[in-house]
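Visitor: Chain A is fixed; fit chains B and C onto it per the hints.
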Amino acid sequence: MDFFLKGIVQAFELLFSGDAETYSAIAATVTVSGYAMVASLTMGIPLGFALGHLKFPGRRQARLVVDTMLSLPTVFIGLLVYAMLSRQGPLGHMGLLFTLPGIAIGQTILALPIVIALTASAVEGMDANLRTTLLSLGAGRLQLVTGIILEVRHSILAAALTAYGRVMTEVGISMMVGGNIKWHTRTITTAIALETSRGKFATGIALGMVLLLIAFAVSISVSFLRKK
Amino acid sequence: MKIQLFVIKVFFILACTLTIAAPSLRAEDISTLLMATTTSTDNTGLLDYLAPYFTKATGIDIRWTAAGTGKALALGKSCDVDVLLVHAPDAEKQFVAHGYGINRQQIMYNDFIIIGPASDPAGIMGLSANMAMSAFKNGKAGFISRGDDSGTHKKELFLWQAAGLPRPEKESWYIQTGQGMLPSINIAAERSGYILTDRGTYLKYAHGKNENPPLVILVQGDESLRNQYSIIEIDPGKCPNVKSDSAKSFSQWMAGAEAQQLINEFTLMGRKLFIPNAGQ
Amino acid sequence: MTLYRLLHIRHHYHGKPVLCIDDWSVDKNRITGLCGPNGSGKTTLLKLLGFIEDPTHGTVLFKGRKQNIYSGRVRSSVTFLPQESFLLRRSVYNNVAYGLRVRKNKGNEAARVNQALSLVGLEPEEFAPRPWYALSGGEARRVALAARLALRPGVLLLDEPTASVDAASAHLIKEAAVYAHRRWNTTLIISSHDLLWLRDICQDMLHLFSGKIFGSGRKTIIFGPWQKTEPGLAYRILSDGQLFKAGRAPEDLRNAAAVLDPEDLSLHISAQDVPAEKTALECRLIQLALEQQSGRIQASVFAGQTEFCIYLDAKTLSGRGFEPGKRVWLAYRPDRVKWHDA
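Protein chains in written order, with my numbering: chain A, 19 to 246; chain B, 3 to 282; chain C, 97 to 438.
Next up, chain A with everything else stripped away, as it sits in the complex:
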């Protein structure tokens, strides 16, 4: 168990000595999860709104599909995205395999169902009088949408946080699509996997602590958003 304590000490050493490899992995993790979150939120919030608010044929089936997608295994997404982005695959000409945007595509697929499902639930759970109130105060179509989304902003924030947690900690997609290339696509989680296979358990723990610290920083920013 001593590697656990060693790991905690090493985490701070890595951070404060400005270890280049660690910071490269941090940058890769933050960048890639940032892309994935921006993409999944810009697509997921409107889609979740549509799923939760609009009544259209096939809505229940669509909901079922989204709920099922919540359980997509990351390695499976990794495999799918690899098949798409491989030079032999349909999107191979874009040269996205083994790049950060490539990983971000996979992570977007991972985060999207979470954002859609939780946004839809929040919008569905909204008081029916909200729509009435917004309309009777003169809101047009677009103002109705933004009004409802702003009303459920705290739930959407929670959805984003949940999705971010999943995206930041996944290994399967980063490993499969990113290839764990040092200085380029090595994220914190793939680095942990590598250090573990190298037998450097303490370094693995240290990187895990670094990941937790990032998660902590994100939570702090979100609680700052939530403040009334």
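It cannot be assumed that every hint is accurate.
To be verified - Straight line, CA to CA, 20 Å or less: simulated EDC-like cross-link-like pairs of lysine to aspartate or glutamate:
| id | chain 1 | residue 1 | chain 2 | residue 2 |
| --- | --- | --- | --- | --- |
| 1 | C | K434 | C | D357 |
| 2 | B | K211 | A | E213 |
| 3 | B | K211 | B | E225 |
| 4 | C | K162 | C | E149 |
| 5 | C | K270 | C | E180 |
| 6 | A | K200 | B | D50 |
| 7 | A | K200 | B | D63 |
| 8 | A | K73 | C | E149 |
| 9 | C | K315 | C | E359 |
| 10 | B | K211 | A | D20 |
| 11 | A | K73 | C | D150 |
As the list claims (entries may be wrong) - Sample of chain B residues with no beta-carbon within 12 Å of chain A, all distances over it, derived:
| id | residue |
| --- | --- |
| 12 | D44 |
| 13 | D50 |
| 14 | K58 |
| 15 | A59 |
| 16 | K73 |
| 17 | P91 |
| 18 | A120 |
| 19 | K172 |
| 20 | E192 |
| 21 | S194 |
| 22 | W255 |
Derived from the structure by calculation, the hints contain no laboratory data. A virtual CB, placed ideally from N, CA and C, is assigned to each residue, including glycine.
Guide: Just chains B and C now, kept in the frame of chain A:
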């Protein structure tokens, strides 16, 4: 809470994220060479040691993704990498024969060893590889297999075959981990079983156990335990997108005097790990 | 000038009919009261008038034109206050200012917000910065009304504005609604159980029952439960124990309501004065009010909790000595009772 304030905060946090992320937003350099290799060359640090010399000599930036030999070959087949550095001669020859790769060139070797508990319940100490494999089949002790189509796994399958034995797929003493070398060694140690490993990983393992590991070397030095590493360039005829010029430069450089000398000088925990043998 | 005209409206919820109006119109700058029991379709009618919902079938004409939910013409002049006051998760100020911002009416925002809050009796300095959750039920309803008043709407639709709020809030809400009518000529359409208030301020009254209009003007409606004695004759036990009898009763009395025209009713000082063909109930005269349009005097008499509405001319009134509080006999003809059933 004011909505405007909320929106301002959202933008503030976005800006912060982008500032952190910005340094890695630089465009991908197209002159980079992409290699698929096995975990052993990456885990031992050999590639980290060689890469700067290669870049200095040729101006080519090299990146690699480390996977089991099976996956590395699959990446080559689907044209996703430019060059391979792998260690499964039979599979490699097949790969070239099917027209996926060209110019297979052997670079270096190290050796596999069979390790097991110091008490040696199967009594294989000092035996030849063939006889040792035969000794396992009475099932006195567990044998741990990688079972992941890696170079090491392929070598193990070759050893069963060479000893004239069927592959012990369903024997109760035969444990397939599906994991990397080091996790598999750890499993072998937990189960007091035998395992085939490359010497480099074992050295790291022993070092991690303060040079007093529960598993010791029991069979080594047999000709059939040689672990040959080779470079294969991906065939540009099959994969028009590959950077065949850079791949050729890498292959030639690795077989050249400078790299061969560097490989010879490379040590891990004070021990020499790879023996260069290009052109032999 | 006709503001609204509803034609051939058939509105359904989950396939169940809730509103059925063939032709009904509302004039501009008037106050219209909607009355009827729960589930009679008042809220649905207000939602159609407020263009919150489109009717399943039929047309709602606004200023002579068919409009839809998102038409700017409607959204900028019609506003609806739902029964459950709902506030946005923002400060009171931002709740009241929301409609002004949506209309891009930013010039004198603060002044209009403060004026609207004052109108409903909320001190702007104290209430404007409060968050949405720090209000009592009555205060929340008043903030919701203030948000509508700030818009100086052309049409203000109020759904039970005084239900389940404290007496002080109810009073302030009533005053503010009437103020809007006087000050900005706002057309008011109000549903309420507070019949005295509605009678007091409304120029028109619309009675709804089971989604149908059964008469405008001041009618007396008696709801069940009805009991049947012999075919065609039903009676209702009033809360003071007297029996109200009605002839020509329909077969199915479950959803039936009896309607009495004021013309069929008469008021008498003693039981001897009641004409032979009529039946009488002993009542108490509660209220006398002058109807400004016709110059007639409207009397409200109560038998137990049931209110009857009747018109008197000024001569009869002074000649017979009707005064509020007096015991009187209300005479009606059981065979002239009209029935309304769903």
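Visitor: Look at each hint and say if it fits the structure.
Guide: Hint check results:
{"no.": "1", "hint": "K434(C) <-> D357(C)", "in the structure": "holds (9 Å)"}
{"no.": "2", "hint": "K211(B) <-> E213(A)", "in the structure": "holds (16 Å)"}
{"no.": "3", "hint": "K211(B) <-> E225(B)", "in the structure": "violated (29 Å)"}
{"no.": "4", "hint": "K162(C) <-> E149(C)", "in the structure": "holds (14 Å)"}
{"no.": "5", "hint": "K270(C) <-> E180(C)", "in the structure": "holds (17 Å)"}
{"no.": "6", "hint": "K200(A) <-> D50(B)", "in the structure": "holds (9 Å)"}
{"no.": "7", "hint": "K200(A) <-> D63(B)", "in the structure": "holds (12 Å)"}
{"no.": "8", "hint": "K73(A) <-> E149(C)", "in the structure": "holds (14 Å)"}
{"no.": "9", "hint": "K315(C) <-> E359(C)", "in the structure": "holds (10 Å)"}
{"no.": "10", "hint": "K211(B) <-> D20(A)", "in the structure": "holds (13 Å)"}
{"no.": "11", "hint": "K73(A) <-> D150(C)", "in the structure": "holds (14 Å)"}
{"no.": "12", "hint": "D44", "in the structure": "violated (8 Å)"}
{"no.": "13", "hint": "D50", "in the structure": "violated (7 Å)"}
{"no.": "14", "hint": "K58", "in the structure": "holds (16 Å)"}
{"no.": "15", "hint": "A59", "in the structure": "holds (19 Å)"}
{"no.": "16", "hint": "K73", "in the structure": "violated (9 Å)"}
{"no.": "17", "hint": "P91", "in the structure": "holds (24 Å)"}
{"no.": "18", "hint": "A120", "in the structure": "holds (20 Å)"}
{"no.": "19", "hint": "K172", "in the structure": "holds (26 Å)"}
{"no.": "20", "hint": "E192", "in the structure": "holds (14 Å)"}
{"no.": "21", "hint": "S194", "in the structure": "holds (19 Å)"}
{"no.": "22", "hint": "W255", "in the structure": "holds (19 Å)"}
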